[in-house]
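Undergrad: Please model the complete structure; the sequences and the hints are all you need to start from.
2 protein chains.
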Amino acid sequence: MQVITHIYMTDKKEKILKSALELFANEGVNATSTSKIAKIAGVSEGLIFRHFNNKKGLLNSIIESAEEKANDLFADILKQKDAKSVIKKTIDLPFLIKKSEYDYWKLQFKLKWEEEYNNPKKMQPLIEKLTWAFLELNYEKPSLEAQHLIQTFESISTEILKGNFSNQNEFKQFLKHKYSV
Amino acid sequence: MQVITHIYMTDKKEKILKSALELFANEGVNATSTSKIAKIAGVSEGLIFRHFNNKKGLLNSIIESAEEKANDLFADILKQKDAKSVIKKTIDLPFLIKKSEYDYWKLQFKLKWEEEYNNPKKMQPLIEKLTWAFLELNYEKPSLEAQHLIQTFESISTEILKGNFSNQNEFKQFLKHKYSV
DNA sequence: TATATATGTGAGTAATCACTTGCAAATATA
DNA sequence: TATATTTGCAAGTGATTACTCACATATATA
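Taken in sequence, the protein lines are chains L and W.
In terms of my numbering, the first sequence is residues 27 to 207.
In terms of my numbering, the second sequence is residues 27 to 207.
Simulated from the structure, these hints should not be mistaken for laboratory data.
Bear in mind that the values here come from a model prediction, so they are computed numbers and not experimental data.
Please note that the accuracy of each hint is not assured.
Repeated chains share a single entry, so a pair holds when one copy, or any two copies, can fit it.
[What the hints assert, rightly or not] Cut-off 27 Å, straight-line C-alpha distance, at most; resulting in silico cross-link-like pairs (DSS-like, lysine-lysine):
1. K188 to K81
2. K125 to K44
3. K38 to K65
4. K202 to K62
5. K124 to K44
6. K136 to K82
7. K136 to K125
8. K136 to K95
TA: Have a look at this one:
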């Protein structure tokens with residue numbers, strides 16, 4: 027057994043989650059069979075269903091922890107008291123994603139194309155915080171500026187996760203200069 | 027038989043392509059079985075393989091015509107002689123996508139997450155044209171500006187295709203004002 | 001008209017799918 | 001220690017998968 031935050035989880039259950047995440051993120055949920063997950067995880071296929079009931083239950087379990095990771099990242103921005111810090115940290119956000127967490131984000135971005143899992147409201151707190159920041163800084167259209175910066179954030183994240191973003195630092199500086207932060 | 031541009035295509039072949047496009051775009055390639063395509067198209071399953079050899083051949087055939095549609099849209103921008111027109115038309119681009127062609131674009135955007143079908147070079151001509159335009163207008167960092175506008179274009183397209191973009195016109199005006207076009 | 005080719009069907013195929021079941025071993029609790 | 005519960009596996013299940021094949025009909029060409 028191993029301690030995850032404060033919940034105990036068996037090693038094999040963890041291995042299933044880890045293998046499923048990797049396969050779901052890189053090959054797609056539908057293209058990943060439960061037998062393949064079991065094989066990669068080194069467990070019997072039946073164990074997947076013992077722990078997660080069905081394939082969807084496994085996916086939901088992964089999505090849950092992925093959303094936790096997303097909220098952790100947003101939390102830091104939401105608690106900022108300084109308008110410029112909010113914008114600065116939003117620009118930094120996509121460049122801070124750890125390689126070890128790429129699969130979590132890949133899966134989330136991919137699933138946004140599945141109606142069932144696309145929830146644009148998840149960005150709402152960040153949009154509101156940015157709107158406040160742009161208002162504070164006397165931008166003409168604060169909410170549209172917020173919308174635009176979120177779009178930029180999503181595009182940058184997408185490019186990074188797909189592995190085609192060569193001039194990351196240069197572009198980050200460019201953006202910070204644009205917003206004077 | 028029916029005439030498509032200058033190539034003859036049987037009605038049933040067309041129906042297969044149409045049904046497959048709809049299903050691939052909305053439910054995903056892996057989640058769409060050839061039997062379901064045949065059922066929706068009102069043909070025998072075997073006919074799919076007669077015309078396209080295998081499922082991948084069918085997908086490739088759809089992708090080909092999707093890329094043609096994309097190139098048609100880009101072509102108009104690439105031939106512009108005026109820098110401001112280039113930027114203006116790029117901003118207009120995502121808002122010009124016809125509802126009847128949503129499925130083509132949905133499929134293209136979804137497939138960008140599959141390594142095999144992700145080809146960032148496809149945007150290169152547009153990036154270069156925009157870089158030229160921003161240089162012409164004396165922007166400090168033309169190529170980064172181009173990269174940024176393309177990102178905005180991709181984000182807007184994505185939001186429109188996912189159906190969560192309520193303030194389209196307002197946002198379009200906002201962008202045009204930002205770039206003074 | 002005769003014949004070759006293209007278009008179409010329906011009934012197959014083996015492989016794989018998500019999932020179940022019966023039973024054993026490990027662990028927690030009394 | 002005795003017993004209940006959890007964790008685990010191997011061998012299944014029927015349904016569905018992408019794809020093939022034999023055969024028929026429609027169309028193009030000689």
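Undergrad: For each hint, tell me whether it holds in the structure or not.
TA: Tested hints:
1. K188 to K81: Classified as both; 25 Å inside a copy, 25 Å across copies.
2. K125 to K44: within (15 Å within a copy, 39 Å between copies)
3. K38 to K65: This pair counts as within: shortest intra-copy Cα distance 12 Å, inter-copy 42 Å.
4. K202 to K62: neither (44 Å within a copy, 50 Å between copies)
5. K124 to K44: within (16 Å within a copy, 41 Å between copies)
6. K136 to K82: Answer is both; intra-copy 16 Å and inter-copy 21 Å each pass.
7. K136 to K125: both (17 Å within a copy, 22 Å between copies)
8. K136 to K95: This pair counts as both: shortest intra-copy Cα distance 16 Å, inter-copy 24 Å.
Taken one by one, the earlier hints fail for this structure only at number 4.
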